[in-house]
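Engineer: Sequence order for the protein chains is X and F. Positions 57 to 259 (our numbering) are the ones given, in order, by the first sequence. Positions 176 to 338 (our numbering) are the ones given, in order, by the second sequence.
Hints should not be assumed to be uniformly reliable.
[As the list claims (entries may be wrong)] Here are the simulated SDA-like cross-link-like pairs (lysine to any residue), alpha carbons at most 20 Å apart as the crow flies:
| id | chain 1 | residue 1 | chain 2 | residue 2 |
| --- | --- | --- | --- | --- |
| 1 | F | LYS240 | X | GLU159 |
| 2 | F | LYS217 | X | PHE136 |
| 3 | F | LYS240 | X | THR153 |
| 4 | F | LYS291 | X | GLU159 |
| 5 | F | LYS217 | F | LYS181 |
| 6 | F | LYS245 | X | GLU159 |
| 7 | F | LYS291 | X | SER145 |
| 8 | F | LYS217 | F | THR196 |
| 9 | F | LYS291 | X | THR153 |
| 10 | F | LYS321 | X | GLN148 |
[Unchecked claim] One side of the interface only, derived from the structure: several residues of chain F facing chain X at Cβ under 8 Å:
| id | residue |
| --- | --- |
| 11 | GLY184 |
| 12 | GLU185 |
| 13 | LYS217 |
| 14 | ALA218 |
| 15 | TYR237 |
| 16 | PHE241 |
| 17 | GLY244 |
| 18 | PRO272 |
| 19 | VAL292 |
| 20 | PRO293 |
| 21 | ASN302 |
| 22 | ASN303 |
The hints are simulated quantities; they were obtained by calculation from the structure and are not laboratory data. Keep in mind the model is a prediction, meaning the values are calculated, not measured. From the three backbone atoms N, C-alpha and C, an ideal C-beta is built for every residue, glycine too.
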Amino acid sequence: MKTQSILFLSLFLVAVLLWATTGRPIAPIYIEVPTDEETALSSEEAFHKMMDVLTHERCVNCHPSDNVPKQGDDSHPHYFGIGRGEHNSGYQATNCTTCHQTENNPYSGVPGAPEWSLAPHSMRWEGLNRFEIAESMMDPERNGGRTPEETLHHLTEHELVLWAWTPGVDAEGNLREPPPVPLDEYRGAVEKWFEEGHKIPSK
Amino acid sequence: MSISFKVNGESHTVKIDDVNTPLLWVVRDILNLKGTKFGCGKAACGACTLHVDGEAVRSCSYAVKFVEGKEVTTIEGLGNKENPHPVQQAWIEEVVPQCGYCQPGFIMATAALLKKVPYPTDEDIDNNIINVCRCGTYYRMRKAIKRAAELSSENMETETQKS
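Start from the sequences and build out the full structure, keeping to the hints where you can.
Structural biologist: In structure tokens, the structure reads:
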């Protein structure tokens, strides 16, 4: 009888313990993540992120206002008197491809990408602020007749534009500075701004 | 990796580990054509200028991989003592060189210019002939470029009359 009582008591204690461990409310173990709505940039934020890139010298150096390409982080005039020429790619026998190939040259420090050339004169950005650049960029009279879709493609897919994120080394072997926004973030911001109707915020 | 191309009309295949090796070093050190000079190595001075498919390029900044299947002309292939290119002839007539080191690059740049602009103005020369000569032979070069344009024109007239 005593043995039966001990066995019964043991079973009771085990049952109580099981209830205690499984029946108690468990403290929540999860990380609160922001929703898409919370992380999404507003159109204006997307605009400014995009323009942080487009006003960087990696972009503006090839959108000069005076037909002289610019070089370097200080945007000095291109050495050797190089100018736009008739077709935005230098002069008749000394042109961009005399020195610039389709990729960066790690030995000479000469940068390169497909279609290395200046933006046409109508697309001059040098000296403009971010709002004026955006107006120019979206104006078919000045952007080469591009539709918004074509402008979006140029900004996010054109190899010459994307070179800015892999600018290679300069003549001293030092890495050139890329734009201040990582490429994926930039692309996202550009796409967002176009999706939202590419409205230029008030200045 | 093997890269095949023509130099001065002759076919060559070179085996090279680093396909980014500047064409200059392949031409000078593998093909032993020493007329093309190393100057700055930064595509700045133009001493290394040669032609790839007829276009002037700075060979110190031209990866050899890009020359696959193309035709290269160096100063050795432009002309020779018996039959100089009009630019070489003009250089002799105007006694252009001083030390001479940079002159092959200038001559190649000028030959490329005359193909595009047969009668270059001073402005054309200023825009296109941007090589560097530390002896300062620019004045004689300018005269020689204009003389070369005359000689090229005379040669073309002679060839036209022959045909």
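Engineer: Hints first: check each against the structure and report whether it holds.
Structural biologist: The hints, checked one at a time:
no.: 1; hint: F:LYS240 x X:GLU159; verdict: 11 Å, holds
no.: 2; hint: F:LYS217 x X:PHE136; verdict: 12 Å, holds
no.: 3; hint: F:LYS240 x X:THR153; verdict: 15 Å, holds
no.: 4; hint: F:LYS291 x X:GLU159; verdict: 26 Å, violated
no.: 5; hint: F:LYS217 x F:LYS181; verdict: 25 Å, violated
no.: 6; hint: F:LYS245 x X:GLU159; verdict: 18 Å, holds
no.: 7; hint: F:LYS291 x X:SER145; verdict: 15 Å, holds
no.: 8; hint: F:LYS217 x F:THR196; verdict: 14 Å, holds
no.: 9; hint: F:LYS291 x X:THR153; verdict: 15 Å, holds
no.: 10; hint: F:LYS321 x X:GLN148; verdict: 17 Å, holds
no.: 11; hint: GLY184; verdict: 22 Å, violated
no.: 12; hint: GLU185; verdict: 24 Å, violated
no.: 13; hint: LYS217; verdict: 5 Å, holds
no.: 14; hint: ALA218; verdict: 4 Å, holds
no.: 15; hint: TYR237; verdict: 6 Å, holds
no.: 16; hint: PHE241; verdict: 6 Å, holds
no.: 17; hint: GLY244; verdict: 15 Å, violated
no.: 18; hint: PRO272; verdict: 21 Å, violated
no.: 19; hint: VAL292; verdict: 5 Å, holds
no.: 20; hint: PRO293; verdict: 11 Å, violated
no.: 21; hint: ASN302; verdict: 4 Å, holds
no.: 22; hint: ASN303; verdict: 4 Å, holds
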